[in-house]
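Novice: The lines below spell out each chain.
4 protein chains.
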Amino acid sequence: MKGKVCLAYSGGLDTSTILRWLQDEGYEVVCFLADVGQEEDWDAVRSKAKKIGASKMVILDLKKEFVEQLCFRAIQCNAQYEGRYLLGTSLARPVIARAQMRVAQEEGCDFVSHGCTGKGNDGIRFELAFLAINPKIQIIAPWRIPEFCNRFQGRNDLLDYADAKGIPVTSTKAKPYSMDDNIAHCSYEAGMLEDPSVPAPDDMWTRTDDPRKAPDVPVDIDIKFEKGLPVKLTVGDNTYTDSLELFIALNAIGKKAGIGRIDIVENRFIGLKSRGCYDSPAMTILRLAHLDAESLTMDGKVRSLRDQFVTHHWSELLYNGLYFSPEREFVENSLVFCQRRINAEIRLCCYKGSVSVLSRTSETEKLYSSEEASMDSLENFSVLDTTGFINVNAIRLKKYGMQKAEEGQSLSKA
Amino acid sequence: MKGKVCLAYSGGLDTSTILRWLQDEGYEVVCFLADVGQEEDWDAVRSKAKKIGASKMVILDLKKEFVEQLCFRAIQCNAQYEGRYLLGTSLARPVIARAQMRVAQEEGCDFVSHGCTGKGNDGIRFELAFLAINPKIQIIAPWRIPEFCNRFQGRNDLLDYADAKGIPVTSTKAKPYSMDDNIAHCSYEAGMLEDPSVPAPDDMWTRTDDPRKAPDVPVDIDIKFEKGLPVKLTVGDNTYTDSLELFIALNAIGKKAGIGRIDIVENRFIGLKSRGCYDSPAMTILRLAHLDAESLTMDGKVRSLRDQFVTHHWSELLYNGLYFSPEREFVENSLVFCQRRINAEIRLCCYKGSVSVLSRTSETEKLYSSEEASMDSLENFSVLDTTGFINVNAIRLKKYGMQKAEEGQSLSKA
Amino acid sequence: MKGKVCLAYSGGLDTSTILRWLQDEGYEVVCFLADVGQEEDWDAVRSKAKKIGASKMVILDLKKEFVEQLCFRAIQCNAQYEGRYLLGTSLARPVIARAQMRVAQEEGCDFVSHGCTGKGNDGIRFELAFLAINPKIQIIAPWRIPEFCNRFQGRNDLLDYADAKGIPVTSTKAKPYSMDDNIAHCSYEAGMLEDPSVPAPDDMWTRTDDPRKAPDVPVDIDIKFEKGLPVKLTVGDNTYTDSLELFIALNAIGKKAGIGRIDIVENRFIGLKSRGCYDSPAMTILRLAHLDAESLTMDGKVRSLRDQFVTHHWSELLYNGLYFSPEREFVENSLVFCQRRINAEIRLCCYKGSVSVLSRTSETEKLYSSEEASMDSLENFSVLDTTGFINVNAIRLKKYGMQKAEEGQSLSKA
Amino acid sequence: MKGKVCLAYSGGLDTSTILRWLQDEGYEVVCFLADVGQEEDWDAVRSKAKKIGASKMVILDLKKEFVEQLCFRAIQCNAQYEGRYLLGTSLARPVIARAQMRVAQEEGCDFVSHGCTGKGNDGIRFELAFLAINPKIQIIAPWRIPEFCNRFQGRNDLLDYADAKGIPVTSTKAKPYSMDDNIAHCSYEAGMLEDPSVPAPDDMWTRTDDPRKAPDVPVDIDIKFEKGLPVKLTVGDNTYTDSLELFIALNAIGKKAGIGRIDIVENRFIGLKSRGCYDSPAMTILRLAHLDAESLTMDGKVRSLRDQFVTHHWSELLYNGLYFSPEREFVENSLVFCQRRINAEIRLCCYKGSVSVLSRTSETEKLYSSEEASMDSLENFSVLDTTGFINVNAIRLKKYGMQKAEEGQSLSKA
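Sequence order for the protein chains is A, B, C and D.
Position one of the first sequence corresponds to residue 1 (UniProt numbering), numbered consecutively onward.
Position one of the second sequence corresponds to residue 1 (UniProt numbering), numbered consecutively onward.
Position one of the third sequence corresponds to residue 1 (UniProt numbering), numbered consecutively onward.
Position one of the fourth sequence corresponds to residue 1 (UniProt numbering), numbered consecutively onward.
Please keep in mind that the hints were generated in silico from the structure rather than gathered at the bench.
Among these hints, one or two may not hold up.
What the hints assert, rightly or not - Calculated pairs, DSS-like style, for lysine-lysine (alpha carbon to alpha carbon, straight line, at most 25 angstroms):
{"hint": "1", "chain 1": "D", "residue 1": "LYS173", "chain 2": "C", "residue 2": "LYS413"}
{"hint": "2", "chain 1": "D", "residue 1": "LYS51", "chain 2": "D", "residue 2": "LYS232"}
{"hint": "3", "chain 1": "A", "residue 1": "LYS398", "chain 2": "D", "residue 2": "LYS64"}
{"hint": "4", "chain 1": "B", "residue 1": "LYS413", "chain 2": "A", "residue 2": "LYS227"}
{"hint": "5", "chain 1": "B", "residue 1": "LYS398", "chain 2": "A", "residue 2": "LYS136"}
{"hint": "6", "chain 1": "D", "residue 1": "LYS366", "chain 2": "B", "residue 2": "LYS136"}
{"hint": "7", "chain 1": "D", "residue 1": "LYS413", "chain 2": "C", "residue 2": "LYS398"}
{"hint": "8", "chain 1": "B", "residue 1": "LYS413", "chain 2": "A", "residue 2": "LYS136"}
{"hint": "9", "chain 1": "A", "residue 1": "LYS227", "chain 2": "A", "residue 2": "LYS50"}
{"hint": "10", "chain 1": "C", "residue 1": "LYS4", "chain 2": "D", "residue 2": "LYS366"}
{"hint": "11", "chain 1": "B", "residue 1": "LYS256", "chain 2": "A", "residue 2": "LYS213"}
{"hint": "12", "chain 1": "D", "residue 1": "LYS227", "chain 2": "B", "residue 2": "LYS366"}
{"hint": "13", "chain 1": "B", "residue 1": "LYS136", "chain 2": "A", "residue 2": "LYS404"}
{"hint": "14", "chain 1": "C", "residue 1": "LYS404", "chain 2": "B", "residue 2": "LYS227"}
{"hint": "15", "chain 1": "B", "residue 1": "LYS4", "chain 2": "A", "residue 2": "LYS398"}
{"hint": "16", "chain 1": "D", "residue 1": "LYS64", "chain 2": "D", "residue 2": "LYS232"}
{"hint": "17", "chain 1": "A", "residue 1": "LYS404", "chain 2": "D", "residue 2": "LYS227"}
{"hint": "18", "chain 1": "D", "residue 1": "LYS366", "chain 2": "D", "residue 2": "LYS64"}
{"hint": "19", "chain 1": "D", "residue 1": "LYS173", "chain 2": "D", "residue 2": "LYS51"}
{"hint": "20", "chain 1": "D", "residue 1": "LYS398", "chain 2": "A", "residue 2": "LYS227"}
{"hint": "21", "chain 1": "D", "residue 1": "LYS136", "chain 2": "C", "residue 2": "LYS413"}
{"hint": "22", "chain 1": "B", "residue 1": "LYS413", "chain 2": "A", "residue 2": "LYS413"}
{"hint": "23", "chain 1": "A", "residue 1": "LYS256", "chain 2": "B", "residue 2": "LYS213"}
{"hint": "24", "chain 1": "A", "residue 1": "LYS256", "chain 2": "B", "residue 2": "LYS256"}
{"hint": "25", "chain 1": "A", "residue 1": "LYS413", "chain 2": "B", "residue 2": "LYS136"}
{"hint": "26", "chain 1": "B", "residue 1": "LYS413", "chain 2": "A", "residue 2": "LYS398"}
{"hint": "27", "chain 1": "B", "residue 1": "LYS398", "chain 2": "A", "residue 2": "LYS4"}
{"hint": "28", "chain 1": "B", "residue 1": "LYS213", "chain 2": "A", "residue 2": "LYS255"}
{"hint": "29", "chain 1": "C", "residue 1": "LYS413", "chain 2": "D", "residue 2": "LYS227"}
{"hint": "30", "chain 1": "C", "residue 1": "LYS413", "chain 2": "D", "residue 2": "LYS413"}
{"hint": "31", "chain 1": "D", "residue 1": "LYS4", "chain 2": "D", "residue 2": "LYS56"}
{"hint": "32", "chain 1": "D", "residue 1": "LYS366", "chain 2": "A", "residue 2": "LYS413"}
{"hint": "33", "chain 1": "B", "residue 1": "LYS398", "chain 2": "C", "residue 2": "LYS366"}
{"hint": "34", "chain 1": "B", "residue 1": "LYS404", "chain 2": "C", "residue 2": "LYS366"}
{"hint": "35", "chain 1": "D", "residue 1": "LYS173", "chain 2": "A", "residue 2": "LYS366"}
{"hint": "36", "chain 1": "C", "residue 1": "LYS56", "chain 2": "D", "residue 2": "LYS413"}
{"hint": "37", "chain 1": "A", "residue 1": "LYS366", "chain 2": "D", "residue 2": "LYS366"}
Said to hold, decoys possible - FRET-style restraints, in silico, Cβ to Cβ:
{"hint": "38", "chain 1": "B", "residue 1": "ARG212", "chain 2": "A", "residue 2": "ARG151", "range": "56 to 66 angstroms"}
{"hint": "39", "chain 1": "D", "residue 1": "VAL169", "chain 2": "B", "residue 2": "LYS366", "range": "43 to 53 angstroms"}
{"hint": "40", "chain 1": "D", "residue 1": "ASP61", "chain 2": "A", "residue 2": "GLN153", "range": "34 to 44 angstroms"}
Don't be surprised by glycine CBs; every beta carbon is placed ideally from N, CA and C.
Here chain A stands alone, though its shape is the one from the complex (with noise of 0.2 angstroms):
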């Protein structure tokens, strides 16, 4: 025997052939399948894994983990790539990463294998993880082997050999886009969606209803942060502290509204552009409510260098699988730091595909003060300091207004 491997698998026709043809090749396979939140039929999972052969089937619920250590810091870092996709996807790999490794340790796996493909992120993701908590691993990526990609060259040699193998095939009709779903979103791409020009169809979303069909009354909620994590959420009578619950109740006001659905064209970490579709509910609403939980909290100059800073480099580490790595953690000591007076409590209201900051207060900050704001009000002011502020500021504008006179250019042209 070669050794024996930690394969992630799902269950899909994808896995379900790698498994056996490990086998094939003279590995022993152990198979794993973290529970991150997904839709799924665990125990359907579990025996066709046993049937096809796996000397184990280890299935890991690590919702919460997920919840806490990955969406909530992302939450706190108002983490977003290219400006509008939540990462979630993203975040998920290095709780499943992990975790496989845990197995692949507690099994004496010296091999590691899963299904992605050579060209998307998420092959890199989990390999990029595997190496660094475990530089001595050994990975089978098949997709990436070319014998394996000369035989499977599409589904129907898939088909072929699960027929030949005796490897359950479902019936059910695949889709004409790929999926992957965990508890802070579903993403959607490839297939039909690889042409831009065409919308995604209608009933794709699985994490949101359509917002054209959401109840006309919104919903208003609040949001209580400490330390820039959510830790109250109320609706109507209904509160919820636990993480994992109050990130559940989110998604499902989020479904019911509509909430979080985006169709983006991203730039992977290789360079290749590609489309991907993503609707998540909780993130969105959170991180409105983290944003806005923030103005009312962080200092503006600390807030202006997090931005350029953290929330930045902090959302393209995790987008581009380097969450094991000295500056991914180097980036996070920043953003936990920054979060130790993040205490509010933001009113919000869900409608129709979009969330709204009603209000928002806070019981101990008090940087925001309506007194000092107040136009009106001069108390512990003088009108003088402004006067001194701006003539300060304008010294060197006054050298650039002499300069562009100089060469000719008036600045009141229009």
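Take the given structure of chain A and dock chains B, C and D to it, following the hints.
Specialist: Same frame as chain A, but now just chains B, C and D:
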């Protein structure tokens, strides 16, 4: 006589008082009012100014200049202050200040004056612009002159003065907040809005209808960009290619669909936090469309650098009134450069408070290739390359993993 | 009596005048002088203060605090303002301001005062620190009080006042420039130096000997860093492990070898350019050594992010007097974090005006591996990986090349 | 025949082997050698190439192109990789790659080849350039072909092959390190230098004399910049205005004075650390002079943004071989823009290993004003403005102080 003042005159109680007070103080006053698309009874303002004693009332239509030179630049930049504010007021200031300085020059004024208070952003924005445009200009800012402030301590003092001096006072009841309207947005702040825990009143918004009362039928539109600039809007059978008409048409569509309302707390230049509400229909739609146009046509690394450098700084500079500055010129040069190939047409859907992207195409740009992006196609692509790419990127990460292990921290632990 | 003032008193003509003038104005004055390593006749200052009427003269030795909390932090940061200035004066200000506020509090002073002018950085640095430390403190800055400025328009007015009031005046001829000395550096500015085309006089420098007269024999030294902090200096048979002794020994070595002189034009916080000369022997040597320690022990990506974010901003914040600010705290948190493994020993050579690195080692850190770096060794390294790495990185670049070709610009043309 | 290859040929043992091996493999080989200012016996290389079987040997003088388009751009940028490396090798690569691709095209080659190893930066730099310039070019990198590597596992295998094939071998003893020489610098790495604790040998440096043996008399020089470019060098009675002559003259001055040696550990693009020594006399002098020219003539805020954005990224991009990339073009556009008014003349002193600034002037630029900078002059300056400036800047800081007090941390404590 002390000299000639060019006063930014709106026709309201404050600037009417200033107009008269300046004359009391011995100045001749030329009034100036910029038409940047606000709702206004221009003739009434004109006759009021004359009645109070202005030697001249100059009203200039700056709408096209405002839309083309500022609003569209902001769109090219995806400009946003603190993650949400589309800068409507900030964008208008340079255009107004520049025109006022032209008038001052043409009318031979050594002084300019305005009615801004000492604690807000606008006085700073206007004056930094004035001083850059003409370093020798002398500024009279009555609300920063202690004598003036002492004399006029509240609305009643102004009304008494108006009564004594025969200044006409509009009988309309004052709103419980201040507004600043222009073609890009209307802003609402101060008064009752100073308490951030009080939701904005439903009847406050002027540039957007209530999303809850918006039509049940979504409106699909197409916006075409050339070099990052919107050059064509198609709505049903109508097309708009003139910049101003296009902008106005988008405002109308956005108004009806209730798109572009925000309610935020922001950090003023002077370091105070204040609460502002803004509705910016056309800008909101254009920003999303432009973001999507860039996704399709801009290189990913350029975009990442641009986001950190140009978008952040241009937005902050505009907010802080530093349009006429060498650093704005420096940053904007980069901005324009990176828009050379942002040529795309975006289809969007406007519906009850939100706008979303449906699809996009580009006639000329080829950075996106559905064939290359396809996970199924391996033409022109060696899967082995990804292995190499991963392994090289993992060199550092493996060392990180070993370092962590050495420190007794297993990266595989949650 | 108007109250009690804590005055930053140096014993010079300016602050002696202020000391007396404050009494004339009806204040009781407690004098404060910080020992940050400057050359000073402490007893003379003390007795002069008493003679002029100070109710108390407090002299505090802040040298160790200054070196450990500010100078060493700057070293960890590789701090440099505008590419050259090592911030000697800026680093001392927070330590001095903080101590003065302690004294003010202990002595029950409601006021603090200083002798800084209105156009330099120091008045701003001190007062921003005072106001952050105690938002209620009242500041008397005579050189920004018009009456004071009008009364004392030149050195002669000060001398006349001194004569009239019996203030002792040192007979030493005033230097044709101002100096500010502390253990980190001596600064020279103003006076004859205001003309940037005039070279600094040879006899100006006090903390460095003339490189042209430095010994012909180079001095090799070893500096050991732990967590980015210098913990041991070895020079021949001598070793120094106490922070202050180490710093003083380095100053002595650097002085003799003429290391650390710069002559620059810099941009003051208020936007004016000014010319300054500085000699900073220990800081110059330590900065290079630390830079080299990091090269050996810090991850490259962390370093790149740190350079952009921490080094730039921390330096600028310190220069602008924003030590006591949330943004400095935010940035410094990152700085300290990234120094956890900067453990290395650097051998340097000091010789006639310059310091250079000879070699470096680390007992504990293993990011550098000569075996891996070796071009000859291919163990643990597949050359095919580099091919993949190149090909993936080239995906975007090929598109760029095609785009350029399309635009008619051949990238192969010079 | 398999086709025609354009090989980067240096005349050394490695590329001579490759030249012959390519012919063994069935290719026709056109040799190319770039003259970027390195020491070389051009005729010997030419005849050796012919002797080994090259169908053609093309040598192109790229010195002027190299100096003007790369070295001077680096100077305008104050380019430095990781705070010390002036990028000598990195700057030469784009010029060489571009010329090689011109030759390949002119000679009808479908292939290009080079002798770089798989672990260094240079192979990556060359190939990324090749692929951007001509996305269809086919690259033969023998040191990344397993068969080639296996066959030639050490110097002895190369010598045996040379012997068998009649390849002339220079009898000079190989240096215990590798060198790469061009007009910007000479680099030294590998071999004995791989151990970072071993000092570089005294006799290693070729472009700089030993500072300890440099003349006792300092040399003063004047460098004039226009738009950030060096346009005139004055040394005693000699002036140089031709770019190449100026650069060569500076190299000569710097060599004699021993200016520009560094010994560093750097982070290669692939993530490995390596040790390199470099001597770059002209570049070192020019960089300091340009830095000083900017201090006098560039706005402070532009400079601060430029330092963060342009200097950092341009340097990193060049180091990583990304000259032919949209992001380099993007960044460089900013760079050139900010140099429009960098017009100044700088006087420097070169002496025993270091260069220092003596003084500076500008005939045209007026951002520096000694009168304004003067602490004594208060004309055009109201000291009250500084008070206002401080008070407004303190608004945020006071809140910070209050927050800290609330947290029980006194900012006055050391």
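Novice: Could you run down the list of hints and mark each one as holding or not?
Specialist: Here's how the hints hold up against the structure:
no.	hint	in the structure
1	LYS173/D / LYS413/C	violated (39 angstroms)
2	LYS51/D / LYS232/D	violated (44 angstroms)
3	LYS398/A / LYS64/D	violated (40 angstroms)
4	LYS413/B / LYS227/A	holds (24 angstroms)
5	LYS398/B / LYS136/A	holds (9 angstroms)
6	LYS366/D / LYS136/B	holds (17 angstroms)
7	LYS413/D / LYS398/C	violated (58 angstroms)
8	LYS413/B / LYS136/A	holds (17 angstroms)
9	LYS227/A / LYS50/A	violated (45 angstroms)
10	LYS4/C / LYS366/D	violated (45 angstroms)
11	LYS256/B / LYS213/A	holds (19 angstroms)
12	LYS227/D / LYS366/B	violated (36 angstroms)
13	LYS136/B / LYS404/A	holds (14 angstroms)
14	LYS404/C / LYS227/B	holds (16 angstroms)
15	LYS4/B / LYS398/A	holds (22 angstroms)
16	LYS64/D / LYS232/D	holds (16 angstroms)
17	LYS404/A / LYS227/D	holds (16 angstroms)
18	LYS366/D / LYS64/D	violated (33 angstroms)
19	LYS173/D / LYS51/D	holds (22 angstroms)
20	LYS398/D / LYS227/A	holds (22 angstroms)
21	LYS136/D / LYS413/C	holds (17 angstroms)
22	LYS413/B / LYS413/A	violated (63 angstroms)
23	LYS256/A / LYS213/B	holds (19 angstroms)
24	LYS256/A / LYS256/B	holds (24 angstroms)
25	LYS413/A / LYS136/B	holds (17 angstroms)
26	LYS413/B / LYS398/A	violated (58 angstroms)
27	LYS398/B / LYS4/A	holds (22 angstroms)
28	LYS213/B / LYS255/A	holds (21 angstroms)
29	LYS413/C / LYS227/D	holds (24 angstroms)
30	LYS413/C / LYS413/D	violated (63 angstroms)
31	LYS4/D / LYS56/D	holds (11 angstroms)
32	LYS366/D / LYS413/A	holds (23 angstroms)
33	LYS398/B / LYS366/C	holds (12 angstroms)
34	LYS404/B / LYS366/C	holds (12 angstroms)
35	LYS173/D / LYS366/A	violated (74 angstroms)
36	LYS56/C / LYS413/D	holds (22 angstroms)
37	LYS366/A / LYS366/D	violated (45 angstroms)
38	ARG212/B / ARG151/A: 56 to 66 angstroms	holds (58 angstroms)
39	VAL169/D / LYS366/B: 43 to 53 angstroms	holds (50 angstroms)
40	ASP61/D / GLN153/A: 34 to 44 angstroms	violated (52 angstroms)
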